[in-house]
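*Asks:* Line order of the protein sequences matches chains D and F.
Quick note: the first sequence uses my numbering, first residue 28, plus one each step.
Quick note: the second sequence uses my numbering, first residue 227, plus one each step.
Keep in mind the hints are simulated off the structure, nothing from the lab.
Keep in mind that a hint or two might mislead.
Claimed, not checked - Each pair of labels, with its calculated beta carbon distance range:
1) D/D400 <-> F/L487: 19 to 25 Å
2) D/L188 <-> F/L348: 20 to 26 Å
3) F/L389 <-> D/L298: 34 to 40 Å
4) D/Q138 <-> F/F481: 41 to 47 Å
5) D/N415 <-> F/A350: 16 to 22 Å
6) D/I292 <-> F/K449: 48 to 54 Å
7) F/Y448 <-> D/N103: 33 to 39 Å
8) D/I292 <-> F/R397: 55 to 61 Å
9) F/R397 <-> D/L188: 47 to 53 Å
10) D/D140 <-> F/K449: 53 to 59 Å
Said to hold, decoys possible - Lysine-lysine pairs mimicking BS3-like chemistry, simulated, CA-CA at most 25 Å apart:
11) F/K355 <-> D/K187
12) F/K488 <-> F/K328
13) D/K433 <-> D/K211
14) F/K355 <-> F/K488
15) D/K187 <-> F/K488
16) F/K355 <-> D/K190
17) D/K190 <-> F/K488
18) F/K284 <-> F/K449
19) F/K284 <-> F/K462
20) F/K429 <-> F/K409
21) D/K84 <-> D/K442
C-beta: ideal position from N, C-alpha, C; glycine also.
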Amino acid sequence: MIKSINVTGIVLALVVNVLLFPVFSVADELEMTGFVALETRLFTEQARYVEQQDYRKQWGSQFSIALNPEWYRQWNGGNDVVTFRPFYRIDSVDNKRQHGDIRELVWLHAQGDWELTLGIDQVFWGVSESQHLVDIINQTDAVESIDGETKLGQPMLSVKLIKDWGVVEAFVLPYFRERTFSGKDGRLRPSLAIDGGNAIYQSSTEDRHVDYALRWSHSIDILDIGLSYFTGTGRDAEFAVTRGVEPGSIASYVPYYSQIQQFGIDAQLTLDTILWKLEVIHRKLDTFDAEKYSDVVLIRNANEGVAANVGFEYTLVGIFETDSDLGLLMEYQYGSENFLLEAKDNVFLGNRWVLNNEDGSEFLVGLVQNVNDGGERSVFVEASARINHALRWRVDAWLLQADEDKQTGITAIEKDDFINVSLEYYF
Amino acid sequence: MNKFRNKSTLMGSLTTLLLAAYLPTQSIASGVVMNPELRGLAIAQEVESRDTGWHDAKANMQMILTNAEGEQSIREIRQRLLEVEGDGDKGLTIFDAPRDIKGTGFLSYTHAIDADEQWLFLPALTRVKRIASNNKSGPFIGSQFSYEDISSFEVAKFSYTYLRDEDVDGRPAFVIENTPKYKYSGYTRLITWIDQERYVPVKIAYYDRKNKLFKTQTFNDYKQYLNQYWRSHSQKMENHINGKLTQLEWTNYTFNTGLDLKDFNRTVLKRLK
Chain D
28 MIKSINVTGI VLALVVNVLL FPVFSVADEL EMTGFVALET RLFTEQARYV
78 EQQDYRKQWG SQFSIALNPE WYRQWNGGND VVTFRPFYRI DSVDNKRQHG
128 DIRELVWLHA QGDWELTLGI DQVFWGVSES QHLVDIINQT DAVESIDGET
178 KLGQPMLSVK LIKDWGVVEA FVLPYFRERT FSGKDGRLRP SLAIDGGNAI
228 YQSSTEDRHV DYALRWSHSI DILDIGLSYF TGTGRDAEFA VTRGVEPGSI
278 ASYVPYYSQI QQFGIDAQLT LDTILWKLEV IHRKLDTFDA EKYSDVVLIR
328 NANEGVAANV GFEYTLVGIF ETDSDLGLLM EYQYGSENFL LEAKDNVFLG
378 NRWVLNNEDG SEFLVGLVQN VNDGGERSVF VEASARINHA LRWRVDAWLL
428 QADEDKQTGI TAIEKDDFIN VSLEYYF
Chain F
227 MNKFRNKSTL MGSLTTLLLA AYLPTQSIAS GVVMNPELRG LAIAQEVESR
277 DTGWHDAKAN MQMILTNAEG EQSIREIRQR LLEVEGDGDK GLTIFDAPRD
327 IKGTGFLSYT HAIDADEQWL FLPALTRVKR IASNNKSGPF IGSQFSYEDI
377 SSFEVAKFSY TYLRDEDVDG RPAFVIENTP KYKYSGYTRL ITWIDQERYV
427 PVKIAYYDRK NKLFKTQTFN DYKQYLNQYW RSHSQKMENH INGKLTQLEW
477 TNYTFNTGLD LKDFNRTVLK RLK
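Just chain D, same shape as in the assembly (with noise of 0.2 Å):
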């Protein structure tokens, strides 16, 4: 929390507010919105390590209220926009799950053909639903949702010039948001809490090593297309371990954040009733530097690799002589071998129900499958709807399997199988 307030993100908030303070009294529109959400987690199976809070109790729950107040002021005929979005939660349980973050807090100039932004912002690329490749300008806020949807707001400039052509974007992202975990006493984690707090960098420079990303991405017709570039800190944590006093033991896990390339390819071809998907990328990490690490040892398989996502989506419309739309979705997702990235040879295959009614009811039932070890899976449902103009409901719940003797990333949370209720008040 003390580094998610940092010196760039302070000065970037002072440039936007005091560049931008004379403007705000003439400015034609201000608006607050926003939602808070109250939250309930029951567990169904009891939990596994010693320090989680649950420990072999059985319904364990966890309690939490989020806050994400919204302010919006556009002026200069909605050229000029500034948006403020802080975000806080409050948990029951874990002290890590509970924090804030400032989501946004930008200014965002559009004049002729290009636009300017400069502040905290949040970015995404792809067109995927299992799992986002192609998508890296942001962190994921990993303790707010297992399946990685949420992110951290990232500080940046970019410049984006939209011609014929297609629009190229450029981004200079001079801060980089550490991963958010799960603490000692929380759910949806390995046996030992991953020490963020202590993380270590390739670069001398930790979090102040600037990143640079550059994204082209253009529609041609039924085609949507995006070619991106990324240098700098990788988002996804690797791990590394510490040694422990008794030989063989290990003391924590830290998260090791190197340097890399990344080339992404994005593509989407929409046809009359059919979505087809494909996300490619190449990463490519530096070589880790074990000397200088003596007192660690690093969990890497290799440091290149190719991974990649295709599948479709395909919409039956009005179906059994309703309003309602049934999507069917199957994916594919593929690794290189050894290559770090944890989502490899799983097929993921999901039905998306959405009702077109007045309460906006949609569910979406998924599962993701290995396909070398049929005993890791994850099943889960999302479901929510709409109560009044104000309130929404929404069920998330997720049943994770694998084998106990096989190490896989889910195997330990293999445990953490959960039904998230949450209210969520907009206003």
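Given chain D, put chain F in place with the hints provided.
*Replies:* Using the frame of chain D, we list chain F on its own:
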């Protein structure tokens, strides 16, 4: 796009020729002996040509959804439109209410015969998604209006048959049967009542795929802009099968707002809240 434009121009010229040959002294309105297909087409072309040249517009819309039990829910929407001559228009829709979808943006490039191109911006994920385009028949945000009901009128979308003249609320109207050409249309036919003075629809009856009366839309409170373009400020869609009703109340219509093609690029979705 150009193909349609040429085709519709060609058909236009052809109609004019035929009109000139057969009915040198008769206007469209009083043509009695013209065959019903040609007459229907001529009226549709007049509807389109009178609504050509407005370029761009902005408006606010309140959508009132009423279910069979009389319970209401309200959506608030800001709409930006760019005219595309010879093809469907480009539209940008920003949602203000219900609050859980506030900031959601919907960009559509509508086409007469081809599938529309549609992008959705989801603020919670800060993600722009290109979405499937065969849903023209599907309901627009849970209302009784489908995507095809709210997209712009283009002559090339239908084939036409003039049926009769009939008064609607004391004003004379042409009654025309429109048969959709789009293969994923939710309708077998539409019966439209076109005001004979203003050449705008005043009522449309929609027949579903089983050719059963499905919905009726009525257009009220027409106002004229730029001394030419008539816009209904109160539209009502009644669903005869489920008993539900959707009303659209339009305010703050403005034309020539300076919008152009770049304001309908998918990149603008993110900054329009």
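*Asks:* Just pull the numbers of the violated hints for me, sorted ascending.
*Replies:* 1, 4 and 10
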